[in-house]
Amino acid sequence: MSNSPTTPGIVANRLRAEDYARHFDDLYPDYDPHEAMVAADRCYFCHDAPCITSCPTEIDIPLFIRQIQAGQPEAAGKTIFNQNILGGMCARVCPTETLCEGACVREAAEGKPVEIGRLQRYATDRLMARNAHPFTRAAPTGKHVAVVGAGPAGLACAHRLALHGHDVTIYEAREKPGGLNEYGIAAYKTAHDFARAEVDWLMQIGGITLQLGWKLGVDGTLADLRAGHDAVFLGIGLAAVNALGVAGEALQGTRDAVDFIAELRQTGDLSTLPVGRHVVVIGGGMTAVDASVQSRLLGAEHVTMVYRRGREHMAASDHELGHAANAGVKIITNAMPVAIHANGALREVEFAYTHQGPTGLEPTGETFRLRADQLFKAIGQKLEGVPEGVTLDGRKLAAGADGRTALAGVWAGGDCTGGGEDLTVTAVAQGRDAAENIHASLTGAGA
Amino acid sequence: MANLTTNFIGIKSPNPYWLASAPPTDKEYNVVRAFKAGWGGVVWKTLGAEGPPVVNVNGPRYGAIWGADRRLLGLNNIELITDRPLEVNLREIKQVKRDWPDRALVVSLMVPCDEESWKAILRHVEDTEADGVELNFGCPHGMSERGMGSAVGQVPEYIEMVTRWVKQHSRMPCIVKLTPNIADIRKPAEAAKRGGADAVSLINTINSITSVNLDTFSPEPMIDGKGAHGGYCGPAVKPIALNMVSEIARSPDTQGLPISGIGGVTTWRDAAEFLTLGAGNVQVCTAAMTYGFGIIKELTAGLSQYMDEKGFASVDQLVGRAVPNVTDWQYLNLNYVAKAKINQDLCISCGRCYAACEDTSHQAISMSADRKFEVIDEECVACNLCVNVCPVQDCITMEPMAKGTVDPRTGETVGDYANWTTHPNNPMAKAAE
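Chains A and B are the protein sequences, given in the same order. So the working numbering is basically just the index in the first sequence, starting at one, shifted up by 15. So the working numbering is basically just the index in the second sequence, starting at one, shifted up by 287.
For the record, the hints were derived by calculation from the structure and aren't laboratory data. Backbone N, C-alpha and C fix where the C-beta goes; we use that ideal spot for every residue, glycine too. Careful: at least some of the hints might be erroneous.
Chain A stretches covered by chain B per the calculated footprint, using a threshold of three residues with CB under 8 Å from any CB of chain B [stated by the list, open to error]:
id : segment
1  : 118-132
2  : 157-165
In silico EDC-like cross-links for lysine to aspartate or glutamate, where the CA-CA straight-line distance does not exceed 20 Å [stated by the list, open to error]:
id : chain 1 : residue 1 : chain 2 : residue 2
3  : A       : Lys127    : A       : Asp333
4  : A       : Lys204    : A       : Asp140
5  : A       : Lys127    : B       : Asp356
6  : A       : Lys204    : A       : Asp41
7  : B       : Lys384    : B       : Glu416
8  : B       : Lys384    : B       : Asp313
9  : B       : Lys690    : B       : Asp664
10 : A       : Lys127    : B       : Asp632
11 : A       : Lys158    : A       : Asp239
12 : B       : Lys474    : B       : Glu444
13 : B       : Lys659    : A       : Glu122
14 : B       : Lys659    : A       : Glu125
15 : B       : Lys659    : A       : Asp333
Just chain B, with the same shape it has in the complex (with noise of 0.2 Å):
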């Protein structure tokens, strides 16, 4: 049986499942509620300032995209930090680390950009014995237009320099996380270790608007016939996610930060896929909105069963794994050539290929009177879209051509590796010596 501990910059959890600062991390109900369903950690919904509490909405702070059976996909929020006043979150902060001393229990946070505002609300967590804190510098609506969240997390800068405040003055693991909504997600992350951060978190979400209603034509989700736009989540961005994540594991400058990863993380699959992308451990929000703190069960027993498959005893085995086969495009193998092929047993006869082909791709397959449809090697360019409409798995694949055989296109031999930086229509191409 795998060993799904972690220990993630020294705080330990029994699991690498955290739930993320969220509304399901608002109180110690929700807590409570969460560790005793058997998720390994929390962080904290994020506290700000002392002083009267922020406030919210009173009408929805949620809109989402739904697939036809009402599938939730993507969720967008317009929620703040936490509205509850500060001493009370504190005080069941502490409670609740001292019932749970097994989870881990990090506290998110996000005071105004000054040092006095940081050192301040430090001294208070420090007293609650949490593990650690991580600094939202993402989020994306109602605090960014006050100079805090995504505002701070869009200034690598502003990041460097609060991170060091935070060091400064705690002797806490500190956890940085990122907004995507920006161009390059590394200088943020460069910026968070300069600075001294323990660890990144991310993503945050992402800048969005769901749907806008075509009757009162107003942006959802809509107070009062207005609307603004939300952080979006949920399994639609994972693949932005995922990309982010290994960004920041593979690019030297931020090599071996520890990553929290953070976007659609729905099953112990996505679980899986961030780990071995570079990210320590996960943090998990809509699908456990979307269903309730029992998905941690399949989480849990999911990535330990896959762990026992392959051999991984622990989750640290099964970190990064992925990240030495991430590289840029113009690395890839241009020799490597491959064909589609149709399984003939396989096919459904939908024809949904053929349209793709057809009509938008290399014309690359043909369709006969009876409905057969088979794929002409001499125009494939193997773009794997014929694999991605199918709607039979694995009616079609992409079958690679042994190198030394001739590929019916170009009629060129396959050959050894090669790519775009020796290739001779490269104009920046370094001749082979």
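The following block holds chain A by itself, in its conformation from the complex (with noise of 0.2 Å):
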């Protein structure tokens, strides 16, 4: 610790060594089997739940709590992997107070749901502990599918593939597996490198070979996946970000809020991650929760999100707002960044704030500055390129409920397509939901 949270500009190494290890430990912990046991017996099973329709990936919640009751997890495991592979992922980052547990007859009851969430990462940890794949490949159909992009949407595709016996190659830009699992998501959410140790286990259904530092548009076109391929699947998320459009924006200091979360998870010595002592984070969503949490668990002395629009605009839950203002981030809302201050290094931000007028937002007049030696955009991601001969739905790729695009022969889902919420949960119904889809294509079953 030779610098601390008061040390000027941007610099590592703020935070004694265990508070790191502190900082960016499990947010939630794992239930203990007596916790487990307690927190299922909450569950009524509900006649029709109300959580599973609220699942995109539809998992029969009351059935793997009830299994959990009968002491069996493994077994409640099973039952959540059956619907979504990536249950272990999505147990840690759903927002499940918007999705499941919103639903929990015991919300509207005591307003105290029971803790869904929780339970399935009990469930999902103890089946993938045994360390043995519960699914067994179909005989090979000699079909061959390239999944493009190895995020949520590529692997759930992959796997569910995988499955029903065909090969699959996923082609993955990237150095690592795992998209926005490995690259997006903070940090606490995923401790223990578990996007990587998902991925190999997911890997163990056997039949998909994963191609990495492969990009679309690069290193091959989608006519030549069509021609080497019985079908292929895109999930190429947004890769590209949105720019804020005021000058200075390229200053030093000043950088994307996707890279630095993707830095900051693939750095193994989180002192050596520099951070500013004044930080001010721009946009009102998960990437920008994430961002600003993530720097004062670096050891920002003052981290500032500001959002253009009302809180109740904001794409970041109420539970991710609370968590950002426990770590000591402030909200700020209604103000638009109009200008950055240099003074050779980034230096100050200066917003408006706005209001709702006649033809959109409006900025009142009145302004204030904030304090940064970084800043960090946070106002949304964007597709890098289209696929040639892939059609748009607004600034998304289009794809039916079924996942097909216009094109023959190619399906796309997860961010990259419209539907949904770009959450991890959503992706994976899709890129299951596109497999089977294709599966049926490709064996005349049901197509």
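Build the complex: two chains, separate frames, hints provided.
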């Protein structure tokens, strides 16, 4: 700890070694067996349970909780993985308060839902700890499918295809598989390298080849993939980021939040990762929250998250915003950046308060400045190029509920497509469902 | 402030809570701790005949079942009567009674089924100046194989015979403790009464295996891979005990025979229920073994508050209050018609009532697409299952229909009291004249 939270500028090593370890450990530790039994006992086993319908992957939640009650968390894990092969990660990152737990009748009754997310983690962790993959591949079909992108959608698609006996090659541009699970989610939600362990466990199904460092449009085209495979699934995510459109955003100290989070996730010794004393994060979604909270956890003295509209429009959930506030992040709403002031290095960001005018968001005329050694932009991601021949629906790839694109033999899912809320769990559902449709199409079953 | 003192067959105690004959009352040390905590009395753990004491197993004596948070719901034991020398127990009993004259001290006894054995033990107990004796005709394991305990309690003639010996050879009040491991609890109670018993106490423990170890395929509790049935007690047995107490309280042959109620008393409410069904006091064991003697403060304060709220000045006024309302099925009013009613403000839409009714009952609850659950009066037989499975207290209630209204299920008008004995479908019905 050569520096402290008050050391000026962007510097590393602001905390003691044990603080880094504590700050980036599991946010919600695993239940012990007794805690799990007590938590599971709260489930009412609702008829046609609302939690199931509010889960994008439609996990049979009352069933898996009953299996925990009955002393078989591994069986519970299999119930989860039947619907969601990334159930372990979803248990950690799902905004459960807006999904299953938000729909739990105990939330309605007493404002305290069954802790479905933590129970799901308990079950999936125990099954994964056995390190024996719970599914067996069907006999090989001789079909070969290309999956582009090893994120949640691609992995879910690949696993389901492999399960049905197809051979799959996943083409991934980065050096590691996992997509946002590996590069884009706060470290304390997926501690102990869980994202990588989950991919390794998933690959045990067999029949999946991982081609890393292969970028669509650089190392090959969609046409190449179509020519060489029986089907193609695009799970390419949103690889580009939106710009602020304010002069100075290329200055030293100004950075895309997704890059900062990716670097943090790939840094072994977090005491080597520099962070500003005064950090400003612009945006109102999960990426903004993750960048803000982790800046604080790295030892930034002041972190302010600024969003141009009101709190009710923020994509981050109340739960996440509460977490940010607890971590000491100051949240300012209804303010948009208008200027970046530098003095060689970044020094201040100037904001104008906003209100909703007749033609949209307008500045009120009142401005303020925030000290900033470091500025993170988290105002959304977008497609990085459109594969030739695939049509768009707004700013995303057009795909039906079954994942089919306008191009024959090409399916798509995950954040690169519309529909859903760009959640891991939504991507898993779309990848899985596309795989079922590809399978039906390749085998002539029901297609 | 209600008066909790009781006089049970001439034995006075400051409150109606006695510790049952069991491990908590095996020696002076425990009993003194209980009296210091405030217990009204004890039944000293069962003494056997002179000679070498019995031996217990040296592995687990207890098995249990639990709720999810390890709340103990039922306990089973394979412990025998006291395994301490008779003279030690007698010396301690005498000392405790001398030190705690205001508390009830009854001595439980179990000796071989011959008159001399009983005569001998009674002489010893009288010397201690204990308040009375309780005859252990209930213990279901270990001693029963030797012709004692429930082996006696299951044969009314033996009960009568031994009780008669006890009354003949002792001036002490005599309580006969009954085993529930029989078909009709009234028979042993009648036998005890014929033999001259001053009271009966019930229930003793129920034959049970709490669980099976699925790795070793052994019943629990397991001793070196084997298990034997034990005696079941605790909250789980209370409904069985309440019924048996009420059977004796309302039977014309045993009516008025004092009863000491035993079986799963855990809170003041349990005790109050036993009292209303005819018990003159209660005996407690499992709750004390689970939580320690400190529970007596809740037991006494709770009963006292309830009695004050209801205007009962003394325990006597509560005893037997519910007995007149215990009847046989054939006398229940078949013209009492109720319908389930779901309070939509309290409903949390879990759908358990729907699943229960639709799958296992009368298809009398409807479910809408937006998860609103409503009772279909045309189908509802008022079975109460929905009430029992609903996780929200008082969300579903049973609403009686007023006399003169028409039951939409049957199309019949709700009429005056009428029961099965005069029902036209009853082949044995006596025509109402």
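Do the hints match the structure? See the list:
Only residues whose C-beta sits within less than 8 Å of a C-beta in chain B count toward coverage, and the segment 118-132 of chain A has 4 of them, enough to reach three; the restraint holds. For a cut-off of 8 Å, the count of residues in the segment 157-165 of chain A with a CB near a CB of chain B stands at 0, and the three-residue condition is violated. Pair hint A:Lys127 plus A:Asp333 holds up; C-alpha atoms about 15 Å apart against a cutoff of 20 Å. Using a Cα cut-off of 20 Å, the hinted pair A:Lys204 and A:Asp140 holds, with the two alpha carbons roughly 14 Å apart.
Our distance criterion of 20 Å between C-alpha atoms is met by A:Lys127 and B:Asp356, whose separation comes to about 18 Å. Distance check on the hinted pair: A:Lys204 and A:Asp41 sit about 6 Å apart at the alpha-carbon level, within 20 Å; holds. Only pairs whose Cα atoms come within 20 Å are accepted, and B:Lys384 paired with B:Glu416 is accepted, the gap being roughly 7 Å. Simply put, B:Lys384 and B:Asp313 have alpha-carbon atoms about 14 Å apart, close enough for the 20 Å limit, and the pair holds.
Proximity of B:Lys690 to B:Asp664 is assessed by CA-CA distance (about 16 Å); at most 20 Å being required, the pair is judged to hold. Note on A:Lys127 and B:Asp632: the hinted pairing holds, with a Cα-Cα distance of about 18 Å set against a maximum of 20 Å. Only pairs whose Cα atoms come within 20 Å are accepted, and A:Lys158 paired with A:Asp239 is accepted, the gap being roughly 16 Å. Straight-line distance between C-alpha atoms of B:Lys474 and B:Glu444 comes to about 10 Å, which keeps the hinted pair within the 20 Å bound.
Using a Cα cut-off of 20 Å, the hinted pair B:Lys659 and A:Glu122 holds, with the two alpha carbons roughly 17 Å apart. Between B:Lys659 and A:Glu125 the CA atoms are separated by roughly 18 Å; this keeps the pair inside 20 Å, and the hint holds. Of the pairs offered as hints, the one joining B:Lys659 and A:Asp333 is violated, with about 28 Å between alpha carbons and a cut-off of 20 Å exceeded.
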